[in-house]
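Trainee: Construct the entire structure; sequences and hints are all you get.
Note that full-length UniProt numbering numbers the sequence shown so that position 242 is 242, with each residue one more than the last.
Hints are computed from structural coordinates only; laboratory data are not their basis.
Note that the structure is a prediction, hence the values are computed from the model and not measured.
All residues carry an ideal CB built from backbone N, CA and C; glycine is no exception.
Do not take every clue at face value.
Straight-line alpha carbon distances no greater than 30 angstroms define the calculated DSS-like cross-link-like pairs of lysine-lysine that follow [as the list claims (entries may be wrong)]:
(1) Lys144 to Lys221
(2) Lys164 to Lys221
(3) Lys23 to Lys171
(4) Lys171 to Lys221
(5) Lys177 to Lys164
(6) Lys164 to Lys174
(7) Lys21 to Lys144
If you anchor each label on the Cβ, the simulated ranges turn out as follows [unchecked claim]:
(8) Gln16 to Leu197: 34 to 42 angstroms
(9) Glu92 to Thr41: 22 to 30 angstroms
(10) Lys177 to Gly255: 21 to 29 angstroms
(11) Lys23 to Asp225: 34 to 42 angstroms
(12) Arg20 to Ile91: 16 to 24 angstroms
(13) Gly167 to Gly255: 20 to 28 angstroms
(14) Leu22 to Tyr262: 19 to 27 angstroms
(15) Asp258 to Pro154: 27 to 35 angstroms
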Amino acid sequence: MTVAQTYHQHSVTIQQFTGRKLKMDSDALDAFRGVMRNYNTRLLPIYSLWGIPWCLHLEKDSRHDKYFLDGLAWYHQERAMQAPGLPRRRIEFPSWSWAGWEGIVFYEKRTSLYYDRNGPFDASARLASLLSKSTADFDSDETKSIVLNAAVIPADRISRSTDKPGGWDLKTKKPIKDMRLHLSCHMSEEELHDRLLGQDTVVCIEIGRIFAHHFFMVLEKRGPDDNMGYSRIGLFVAVLGSMEFGNIRSYHDGGRRDWVIY
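Mentor: Set out below in structure tokens:
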């Protein structure tokens with residue numbers, strides 16, 4: 001089995017696992033570790049960093065970053081929020097991991113066939129810092145924060161739109177087909193839009209894409225000071241063509257920075 005096939009199988013496993021009802025929040029990763037043993041012992045092993053896949057054997061050519069960033073592009077779908085109080089934050093786990101929230105998560109249109117033909121996630125961000133990379137220290141307090149080097153999407157490029165499927169639009173030279181917001185926190189889309197425009201407490205950063213699906217992580221400040229870092233509160237998924245992808249990148253040339261996410 002190729003790395004791509006194993007990774008795809010892993011993402012499907014996450015989706016299925018998050019549909020389970022657990023008695024205690026602390027069980028979220030304890031139970032998942034049992035599932036992960038099957039992946040840890042393979043010829044091309046996949047480890048888990050707070051539930052997100054970590055392919056250490058690909059580190060020499062930096063592809064481990066791309067798979068890790070792909071693993072960060074999970075989201076809660078509307079039907080997962082029908083149960084009262086879901087998704088619900090699990091504060092003992094990082095916000096950037098699905099384990100940090102109770103509720104079913106989804107990954108957009110992953111197929112092992114796509115990976116085999118096109119290579120891994122086309123990442124625009126990169127993992128700038130991770131304090132511990134040894135498998136023995138996975139899921140320790142030292143790895144609860146990650147640093148992503150990524151570009152922020154200018155707030156005036158994102159707008160609410162009743163004419164677009166999904167209710168959102170992204171200004172590009174060619175129209176996008178669809179843009180949807182998947183929030184994990186209990187905030188209205190109108191409030192999020194207002195806070196994005198202020199760009200002081202909520203920002204949207206570019207992660208990367210799989211084919212025409214482009215992913216933007218929504219971050220919220222953890223306090224009044226940037227030094228306190230950010231929490232992940234949602235994900236935008238926009239359906240674009242390859243030309244529009246280049247246009248997005250041209251908006252923020254030179255505008256990259258490090259984002260500390262807890």
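Trainee: Take the hints in turn and mark each one as holding or not.
Mentor: We went through each hint and held it up to the structure:
| no. | hint | result |
| --- | --- | --- |
| 1 | Lys144 to Lys221 | holds (16 angstroms) |
| 2 | Lys164 to Lys221 | holds (29 angstroms) |
| 3 | Lys23 to Lys171 | violated (44 angstroms) |
| 4 | Lys171 to Lys221 | holds (25 angstroms) |
| 5 | Lys177 to Lys164 | holds (8 angstroms) |
| 6 | Lys164 to Lys174 | holds (14 angstroms) |
| 7 | Lys21 to Lys144 | holds (24 angstroms) |
| 8 | Gln16 to Leu197: 34 to 42 angstroms | holds (38 angstroms) |
| 9 | Glu92 to Thr41: 22 to 30 angstroms | holds (27 angstroms) |
| 10 | Lys177 to Gly255: 21 to 29 angstroms | holds (25 angstroms) |
| 11 | Lys23 to Asp225: 34 to 42 angstroms | holds (37 angstroms) |
| 12 | Arg20 to Ile91: 16 to 24 angstroms | holds (20 angstroms) |
| 13 | Gly167 to Gly255: 20 to 28 angstroms | holds (26 angstroms) |
| 14 | Leu22 to Tyr262: 19 to 27 angstroms | holds (22 angstroms) |
| 15 | Asp258 to Pro154: 27 to 35 angstroms | violated (18 angstroms) |
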